[in-house]
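Q: Order-wise, the sequence lines are chains B and P.
First residue of the first sequence? That's 9 in the numbering used here, and the numbers climb one at a time after it.
First residue of the second sequence? That's 9 in the numbering used here, and the numbers climb one at a time after it.
Treat the hints loosely; a few may be bogus.
One copy or two, it doesn't matter: identical chains are merged, so the pair holds either way.
Computed cross-link-like contacts, DSS-like style, restricted to lysine-lysine with a CA-CA straight-line distance of at most 30 Å [stated by the list, open to error]: (1) K24 to K62; (2) K91 to K133; (3) K94 to K179; (4) K29 to K19; (5) K26 to K92; (6) K94 to K75; (7) K29 to K12; (8) K199 to K24; (9) K183 to K26; (10) K29 to K91.
Hints are computed from structural coordinates only; laboratory data are not their basis.
Owing to the predicted nature of the structure, the values given are computational and were not obtained by experimental measurement.
Listed below are the residues making up each chain.
Number of protein chains: 2
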Amino acid sequence: MSIKDTLAAAKEAHDKDKEQKLREKYMQMAIKEAQKAAAIREVPIGCVIVREGKVIAKGYNRRNTDKSVLKHAEIDAIRDACKKVKDWRLEDCTLYVTLEPCPMCAGAIVQARIPTVVIGSMNPKAGCAGSVINLLDMAGFNHQCEVIRGVLGEETSSLLTNFFKDLRVEKAAQKEAEKADAAAEENEESKE
Amino acid sequence: MSIKDTLAAAKEAHDKDKEQKLREKYMQMAIKEAQKAAAIREVPIGCVIVREGKVIAKGYNRRNTDKSVLKHAEIDAIRDACKKVKDWRLEDCTLYVTLEPCPMCAGAIVQARIPTVVIGSMNPKAGCAGSVINLLDMAGFNHQCEVIRGVLGEETSSLLTNFFKDLRVEKAAQKEAEKADAAAEENEESKE
């Protein structure tokens, strides 16, 4: 390898590393959003939208709290981004989301013509960026996105597994408490 | 055919006719919504959501006016319906829409678990209820809708063709006017 080639390879590796670090930085911000969802007992999914190096919109899942199917992290962020950009087209934005989008969110991304979508972990049961189907890259639509998967994959995935584990533990404890209450009541009645 | 069979067949035909008339009544209301879009120079698409025989939400396309990708007729109606029902699930609702839904709207319908969708005309280029793809009835998702197509098909279709025809005529007239202005200006300059 010539010195020139070595330098070019080193530069390429450096640029890739820088790009990856930037992606991880924004995914970390999406994780922070997801944690806001967990704090209100919602499935922890978070999203940020970046334009020209700036976060212009954020969102986290509030579906149960707000009793609206539209309160997914991505939809909330897309709504705010449109407001900021003053356009229904988000053609120079990148969307970061902790979990692979559902059909509604994937559809909204395509409709808003977002060019690049960065995903934390995949959702094999309902994901529409390659799991059940890939709506983000369908030849039949008039827009296709570049999709980058697995950015902070472990962190984004453990967010969800920890949430559901905590939920199970909580439910089991609640059941135990109810059982104890019923037994105490029965004991009380037998004394009367 | 026995008298009993004849009566049963007559009843069935009567019920079917009644059901179709009801569908047309609600589709007519969706057309009225679409006309509101046309009145503000938006592509005329309208939607109503019916629950227990009552229209609980309406919507029409305002995407350019409101500069938001989320301002499709169906999304607006679904938002209002969730507010009315106080639930993200719209499990006992029927959605009527003048044009086959896009991927975002079809996804929202699936996410809200709407059981029945009634469509006016199809959208071969971008429709997601059978044209490009059928997101409303995909085995991979955890909800599938019953889809009824072609209700007031001609009326809903001519809404769109008339809108685009008017737009073309308008644009041509504008071009002609600009040409005439330019010619008059040139004439004025040559006199100076």
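Q: Checking K91 and K133: alpha-carbon separation at most 30 Å within a copy, between copies, both or neither?
A: between (32 Å within a copy, 28 Å between copies)
Q: Go through the copies and call it for K199 and K24: within, between, both or neither, with a Cα cutoff of 30 Å.
A: neither (75 Å within a copy, 65 Å between copies)
Q: 30 Å Cα cut-off: does K29 pair with K12 within a copy, between copies, both or neither?
A: within (26 Å within a copy, 77 Å between copies)
Q: Are the CA atoms of K29 and K19 at most 30 Å apart within a copy, between copies, both, or neither?
A: within (15 Å within a copy, 69 Å between copies)
Q: Are the CA atoms of K183 and K26 at most 30 Å apart within a copy, between copies, both, or neither?
A: Neither: 50 Å inside a chain and 50 Å across chains, both beyond 30 Å.
Q: How would you label the pair K94, K75 (within, between, both, or neither) given a Cα cut-off of 30 Å?
A: Both: 27 Å inside a chain and 6 Å across chains, each within 30 Å.
Q: With identical chains treated as interchangeable, where does the CA-CA distance between K26 and K92 reach 30 Å or less: within a copy, between copies, both, or neither?
A: within (27 Å within a copy, 48 Å between copies)
Q: Please work out whether the CA atoms of K29 and K91 approach to 30 Å or closer within one copy, between two copies, in both situations, or in neither?
A: Within. Shortest intra-copy distance 28 Å satisfies the 30 Å Cα cut-off; inter-copy 41 Å does not.
Q: What label fits K94 with K179 when the C-alpha limit is 30 Å: within, between, both, or neither?
A: between (45 Å within a copy, 25 Å between copies)
Q: Can you give me the call for K24 and K62, within, between, both or neither, at a CA distance of at most 30 Å?
A: The answer is within: 20 Å in one copy meets 30 Å, while 57 Å across copies does not.
Checked against the numbered hints given earlier, the structure breaks hints 8, 9 and satisfies all the rest.
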